[in-house]
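In terms of my numbering, the sequence shown is numbered consecutively and its last residue is 268.
If you're looking for bench data, these hints aren't it; they were derived computationally from the structure.
You can trust all of the hints, since none of them are fake.
Label pairs and their computed distance ranges (CB to CB):
{"id": "1", "residue 1": "227", "residue 2": "81", "range": "21 to 31 Å"}
{"id": "2", "residue 1": "228", "residue 2": "195", "range": "35 to 45 Å"}
{"id": "3", "residue 1": "76", "residue 2": "123", "range": "43 to 53 Å"}
{"id": "4", "residue 1": "197", "residue 2": "225", "range": "36 to 46 Å"}
{"id": "5", "residue 1": "123", "residue 2": "243", "range": "21 to 31 Å"}
{"id": "6", "residue 1": "157", "residue 2": "33", "range": "50 to 60 Å"}
{"id": "7", "residue 1": "142", "residue 2": "199", "range": "35 to 45 Å"}
{"id": "8", "residue 1": "149", "residue 2": "195", "range": "50 to 60 Å"}
Here are the computed lysine to any residue pairs in the SDA-like style, where the Cα-Cα straight-line distance is at most 20 Å:
{"id": "9", "residue 1": "263", "residue 2": "116"}
{"id": "10", "residue 1": "153", "residue 2": "81"}
{"id": "11", "residue 1": "119", "residue 2": "204"}
{"id": "12", "residue 1": "261", "residue 2": "114"}
{"id": "13", "residue 1": "115", "residue 2": "42"}
{"id": "14", "residue 1": "115", "residue 2": "196"}
{"id": "15", "residue 1": "257", "residue 2": "105"}
{"id": "16", "residue 1": "119", "residue 2": "108"}
{"id": "17", "residue 1": "261", "residue 2": "36"}
{"id": "18", "residue 1": "153", "residue 2": "78"}
{"id": "19", "residue 1": "118", "residue 2": "208"}
{"id": "20", "residue 1": "119", "residue 2": "190"}
{"id": "21", "residue 1": "257", "residue 2": "36"}
{"id": "22", "residue 1": "119", "residue 2": "208"}
{"id": "23", "residue 1": "261", "residue 2": "112"}
Heads up, the beta-carbon is just placed ideally off N, CA and C, and yes, glycines get one too.
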Amino acid sequence: METNQIITAKFGLYASLSLTILTILTFGFAMIAIPPAGPYCPGNCMEYPFNDLLNYYPRDYQWMYVAVFQLFAFLIFVISVHYVAKIEKKIFSFTSVAFALISTTVLLSDYFIQFAVIPISMMKGETEGIALLTQYNGHGIFIALEELGYITMSISLFFLAPVFSTSNGLEKTIRWMLMSPFVLSSIAFSVYLILFGIDRSYRFEVATITINFLFLIVAGILIGIFFKRIIKVKQESNE
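Model the full structure from these sequences, guided by the hints.
Here's what the structure looks like:
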């Protein structure tokens, strides 16, 4: 009969693998959605008030549907690590869970409003206020909430890092992987703030999403291995 620790570790293993797979899918769909407005627009760019946004529906919205499930996986992943953390380190993992809840709440609300409100409102000619809400507005609400969401995600990962020891090679690597998104996002934010001030458009948003996604993919794999080792040790001790 499986012990509670083995069940928890298996749950964490599946959560880690799910997070990695869903992050890869989300990142892939997001890369296809090349912004038709703002500083990274390759040509034929939209301008305020973005009346042509339906020309890019549903292509530019597909990645958000996948991102919803990726965010669910992220929250479950963080909770899984919290449950296997040593008692003296649970203060860090619980803080990580708190920031993960903030991140997922902000981003889920942002994405759901974007694909559930914007397209149908434009189809019905209800355009008032759309320019402030749409993802194509580099200084709009959507971008601001994404910045907040991914900053808090990187903070969540940062607080998750102390759960893992510095004496074990795998865990030491995991610590660095979890701390890196916050450090790199902070540097990116500072650079864009210096270069562009408050008119940074979606430059930082793209940078912090890329940073968080890349490190989530690697961290998901490594922490999956971590959970796999726990399962192996517990099974051997039960024999």
